[in-house]
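Participant: Take these sequences, add in the hints, and give me the full structure.
One letter stands for each residue in the lines below.
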Amino acid sequence: MADVTAAPRRLRIVTNPSRNPDGVHGSNLSDATMDELVLRAVAGEREAFDEIVRRTHRDAFGLALRLTSDEEDARDVVQEAYLRAYRSLDRFRGDAQFGTWLYRIVANCASTATGKRRRHRHEELPDESTFAETRPDHDPSLHADVVDLRDQLDGAIRDLPPRLRSVIVLRDVYDLPHDAIAEELGITVSAAKVRLHRARRRLRERVFPLPGEELHAI
Amino acid sequence: MRSETPTPTPLTCVDLLDELAADPDAVLAAPARVHVAECLRCQAEMANYRRLRRSLRALAGTPVAVDPTLEHDIQLVLDAHDGRLSRRVPGYAAATLGGLAAAAGVIVLATRQRRGARLAG
Ligand SMILES: [Zn+2]
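Residue numbers (my numbering), protein chains in the order written: chain A, 1 to 218; chain Y, 1001 to 1121.
These aren't lab readings, by the way, just hints derived from the structure by calculation.
Watch out, some of these pointers could steer you wrong.
Claimed, not checked - Anything over 10 Å on all C-beta distances counts as not near chain A; from chain Y, calculated:
no., residue
1, 1009
2, 1015
3, 1033
4, 1034
5, 1038
Unchecked claim - Reference listing, derived: stretches of chain Y covered by chain A, where coverage requires no fewer than 3 residues with Cβ under 8 Å from a Cβ of chain A:
no., stretch
6, 1017–1024
7, 1039–1046
8, 1050–1056
9, 1062–1070
10, 1073–1084
Stated by the list, open to error - Which bits of chain A does chain Y cover? Going by a derived footprint, with three or more residues having C-beta under 8 Å, they are:
no., stretch
11, 41–50
12, 53–62
13, 81–88
14, 171–181
15, 201–207
All C-beta atoms, glycine included, are put in the ideal place defined by N, C-alpha and C.
Facilitator: Set out below in structure tokens:
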């Protein structure tokens, strides 16, 4: 695959001064780059890690929410992920992007959480299950609205079985490499690829159906 | 009667399902290329996989609604790990704690007053 070796996207950092209007944490922290913050956090400066949390928790939550499809679970996953990251900062290798490292921890925590929930509730859909709702009137070409398409995609991702959802979210949305995905989910690279292709096919059939596919369950 | 030398079977759309899902921009092997060049369905499928990939990538940049208490909860977890009380009290919690403290003050005051009244009596 041509994009396997593509460098993972940096964690999107949004620095918004209004988020720290009272300057409680000091201008030196709010002005610091992510690399500086990571160095200071690794050196044991708790306030630097707090600033990292401040800047990154929205993206981490977005990933957790897409992986778990449940807000409460996503909250738990994010809290657990930051705790794990905090405890293992000394093992963070500077040659990796901190965002990618954090995404991997979130993925691992989400995998554990959805595994527990599945065992607890016995609710996982079998892979060949159909979507509860098919949308025969659906044709994205008629609804050019980007927001509408995004909502449809998010809905289709939510409806995927967790094992398929996790790989497509991590690979196609968050750009993690196959080997990292396989490692965090505890599966082989080839299994990750098989799941990915199956997930793509389902999403493609649901969101961008070809003529004749509209009425088919996925 | 069948020929002994096997002739290559032309590919069908089904044969390419995985290949197109894996990477719609990949350079296809010759038999697949021949099929796709003549198959409108596979061409449309490739185009739709490309659209899907672009749309999925764009999702990463779209913000999701985040409860404003989440950051505080993360800090609490870290504080607990550090074995210290949180230094941060969010506005809503400050109001609640303030109310609780005020209520506790009233109770202490009332208790003292009652005790004082009993001692006096
Ligand atoms: Zn075809």
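Participant: Could you tell me which of the hints above the structure violates, numbers in ascending order?
Facilitator: none
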